[in-house]
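In case you want the letters, here they are:
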Amino acid sequence: MNITGKAWRFGDNVDTDIIIPARYLNTSDPKELAKHCMEGIKPGFTELVKEGDIIVAGRNFGCGSSREHAPLAIKAAGIQVVVAKSFARIFYRNAFNIGLPIIESEEVVDATEEGDTLKIDLDKGEVINLTKNLVFTIQPLPDFMKELITDGGLIPHLAKKGGY
Amino acid sequence: MGMTITEKILAAHADLDMVKPGQLIKARVDMALANDITAPLAIKAFKSAGGEKVFAQDKISLVLDHFTPNKDIPSAIQCQEVRKFAYEQDIINFYDVGSVGIEHVLLPEQGLVLPGDVVIGADSHTCTYGALGAFSTGVGSTDLGAVMLTGEIWLKVPPSIKLVYKGSLPKWITGKDLILYTIGDLGVEGALYKAMEFCGETISQLSMDARFTMANMAIEAGAKNGIFAPDEKTEAYVQPRAKRTYQIYRSDPDAEYLFTREYDVSTLEPQVALPHSPDNVRGVSEVGEIKIDQVVIGSCTNGRLEDLRLAASILKGKKIAKGVRCIVIPGTQQVYLDALKEGIIETFIEAGAAVSTPTCGPCLGGHMGVLAPGEKAVSTTNRNFIGRMGHSQSEVYLTSPAVAAASAIAGKIVGPEEVN
Ligand code: SF4
Chain A
1 MNITGKAWRF
11 GDNVDTDIII
21 PARYLNTSDP
31 KELAKHCMEG
41 IKPGFTELVK
51 EGDIIVAGRN
61 FGCGSSREHA
71 PLAIKAAGIQ
81 VVVAKSFARI
91 FYRNAFNIGL
101 PIIESEEVVD
111 ATEEGDTLKI
121 DLDKGEVINL
131 TKNLVFTIQP
141 LPDFMKELIT
151 DGGLIPHLAK
161 KGGY
Chain B
1 MGMTITEKIL
11 AAHADLDMVK
21 PGQLIKARVD
31 MALANDITAP
41 LAIKAFKSAG
51 GEKVFAQDKI
61 SLVLDHFTPN
71 KDIPSAIQCQ
81 EVRKFAYEQD
91 IINFYDVGSV
101 GIEHVLLPEQ
111 GLVLPGDVVI
121 GADSHTCTYG
131 ALGAFSTGVG
141 STDLGAVMLT
151 GEIWLKVPPS
161 IKLVYKGSLP
171 KWITGKDLIL
181 YTIGDLGVEG
191 ALYKAMEFCG
201 ETISQLSMDA
211 RFTMANMAIE
221 AGAKNGIFAP
231 DEKTEAYVQP
241 RAKRTYQIYR
251 SDPDAEYLFT
261 REYDVSTLEP
271 QVALPHSPDN
281 VRGVSEVGEI
291 KIDQVVIGSC
301 TNGRLEDLRL
311 AASILKGKKI
321 AKGVRCIVIP
331 GTQQVYLDAL
341 KEGIIETFIE
351 AGAAVSTPTC
361 GPCLGGHMGV
371 LAPGEKAVST
381 TNRNFIGRMG
391 HSQSEVYLTS
401 PAVAAASAIA
411 GKIVGPEEVN
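Chains A and B supply the protein sequences, listed in that same order.
Following the numbering used here, the numbering of the first sequence begins with 1 at its first residue and continues without gaps.
Following the numbering used here, the numbering of the second sequence begins with 1 at its first residue and continues without gaps.
Mixed in with the good hints, there may be bad ones.
To be verified - Straight-line C-alpha distance at most 30 Å; calculated DSSO-like pairs for lysine-lysine:
#1 Lys26/B with Lys47/B
#2 Lys47/B with Lys161/A
#3 Lys84/B with Lys160/A
#4 Lys53/B with Lys156/B
#5 Lys316/B with Lys161/A
#6 Lys85/A with Lys26/B
As the list claims (entries may be wrong) - Stretches of chain A that chain B covers, calculated by requiring three or more beta carbons in the stretch to come under 8 Å of a beta carbon on chain B:
#7 20-32
#8 82-96
#9 100-112
#10 125-136
To be verified - Selected chain B positions facing chain A (Cβ under 7 Å, derived; list incomplete):
#11 Pro21
#12 Gly22
#13 Gln23
#14 Ile25
#15 Lys26
#16 Ile37
#17 Ala122
#18 Asp123
#19 Ser124
#20 Gly140
#21 Thr142
#22 Thr150
#23 Trp154
Derived by calculation from the structure, the hints in this document are not laboratory data.
Cβ atoms here follow ideal geometry from the backbone N, Cα and C, with glycine treated the same way.
Let's have the full structure, built from the sequences with the hints guiding it.
Written as structure tokens, this is what we have:
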């Protein structure tokens with residue numbers, strides 16, 4: 001899986017109330033949710049994002065609530081992948097389950113500035129910062145997570161296998 | 001090598017003799033939970049995976065607690081979807097307006113979660129049930145949909161950290177102060193992916209309500225679960241409520257921990273988490289002069305009878321400060337009824353507080369007390385992220401019910417000593 005896009009840079013502990021405030025959770029329509037994505041710290045984010053862009057953030061991305069509306073809102077806003085130093089555990093599960101790839105890497109985050117263009121090869125485990133001409137290797141995913149992504153998320157995976 | 005209580009419960013539910021941190025397992029689920037926000041997506045996931053019948057009608061709880069009684073048409077539609085599914089599937093533990101309470105207060109109260117269980121909830125504060133000696137953790141809706149279908153979940157066995165509390169509790173110091181202090185020490189990702197095991201001599205002094213408060217906020221340190229070993233208090237709480245058998249697990253003396261922290265509680269003062277993070281914690285005397293607009297007493301953290309009693313003991317015969325709105329929300333119908341019989345509700349109303357039917361309401365900025373720009377609130381809830389209770393320029397200070405009640409009287413953040 002190959003991804004190329006422009007980076008939007010965020011700090012540490014971006015919580016689910018920032019990603020999608022709870023007051024908008026009276027719907028689970030991803031398009032509606034996307035309208036309010038990141039509005040607490042970057043109002044108008046959704047209008048700025050171009051289809052295929054990338055979020056690059058610090059530690060503990062997605063902490064807080066279990067709302068799957070958070071990765072759904074990010075995905076529907078047009079973001080293809082989130083790269084962070086670390087992820088909150090429920091967000092990590094949710095992202096894989098709905099088929100939003102996420103990457104954990106301190107190095108990539110430290111070297112990326114807002115607006116840089118990143119090229120990511122998930123199979124090879126490689127991230128290239130095309131703006132700065134830097135190449136990074138990333139941890140390969142555990143087999144089970146790879147299976148989830150190839151199957152398109154947990155539900156298609158279950159439908160295919162009739163169980164886990 | 002020995003195992004921790006968390007490892008033992010997970011091993012038993014994966015039909016394994018032993019498990020190790022980092023191991024991926026498939027575990028049987030004793031109770032699966034979703035609410036009016038997370039259930040609609042979980043139902044969708046269940047159906048798109050080809051689900052026709054849930055794995056067990058008595059092992060699923062659907063609780064309409066967040067935006068209920070419905071605050072607007074979209075939230076009414078969400079509840080309608082869940083209601084339809086609950087009736088269609090004959091879900092036994094379905095709670096609607098009139099019987100509903102905040103999920104994490106309600107489930108233990110109804111005896112639906114028990115020691116030794118694996119509980120999976122589409123709500124991050126599912127970790128609350130660790131107070132009973134259960135393994136319980138929050139997941140998203142898709143995971144929950146998969147549990148409703150298969151009765152199983154994939155989990156990575158977490159490493160455990162040991163938190164040892166020593167000394168006797170000073171007056172006014174509650175479970176909330178202990179957990180705020182701990183989160184202040186560990187940081188919001190200090191327990192990321194890990195199990196927080198609460199132990200030490202102080203624990204026996206803590207009521208079950210106080211333990212629920214502590215386990216509830218394990219997620220605020222990033223933990224997968226928080227857990228207490230069951231003791232006589234646990235048994236006394238569980239026995240009259242349990243409708244099925246349960247198993248008590250305890251950590252082996254030679255169990256392995258990633259690290260241990262010791263806390264002396266005997267010198268602790270009431271704690272406050274300042275905006276905008278639950279780990280931004282200070283003693284109440286170090287907070288400075290902060291005038292407030294609203295006080296919320298309730299939630300899955302502090303909406304139990306003991307919490308209301310504590311707040312009422314401070315508000316008794318006093319008045320809420322002019323310019324402060326004080327909103328009290330009992331966690332369940334039973335808590336409400338008990339508080340009513342004890343005269344606590346009367347105390348709140350006489351003091352000038354508004355008392356509401358059980359709901360999550362203001363805790364997540366949903367309804368029943370949303371904040372305007374620039375407003376400051378003291379709240380007994382668990383999160384004070386930007387915009388959590390309303391406008392992104394509002395502020396939330398997290399405290400115990402004692403500090404919340406005292407602050408309501410003073411009109412600014414103060415400890416209970418200052419108004420008593
Ligand atoms: S009271 Fe607040 S934290 Fe608890 S379940 Fe409801 S919204 Fe979540």
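So, going through the hints one by one against the coordinates:
| no. | hint | result |
| --- | --- | --- |
| 1 | Lys26/B with Lys47/B | holds (21 Å) |
| 2 | Lys47/B with Lys161/A | holds (15 Å) |
| 3 | Lys84/B with Lys160/A | holds (27 Å) |
| 4 | Lys53/B with Lys156/B | holds (27 Å) |
| 5 | Lys316/B with Lys161/A | violated (61 Å) |
| 6 | Lys85/A with Lys26/B | holds (27 Å) |
| 7 | 20-32 | holds (count 7) |
| 8 | 82-96 | holds (count 6) |
| 9 | 100-112 | violated (count 0) |
| 10 | 125-136 | violated (count 0) |
| 11 | Pro21 | violated (14 Å) |
| 12 | Gly22 | violated (10 Å) |
| 13 | Gln23 | violated (11 Å) |
| 14 | Ile25 | violated (11 Å) |
| 15 | Lys26 | holds (6 Å) |
| 16 | Ile37 | holds (5 Å) |
| 17 | Ala122 | holds (6 Å) |
| 18 | Asp123 | holds (5 Å) |
| 19 | Ser124 | holds (4 Å) |
| 20 | Gly140 | holds (4 Å) |
| 21 | Thr142 | holds (4 Å) |
| 22 | Thr150 | holds (6 Å) |
| 23 | Trp154 | holds (6 Å) |
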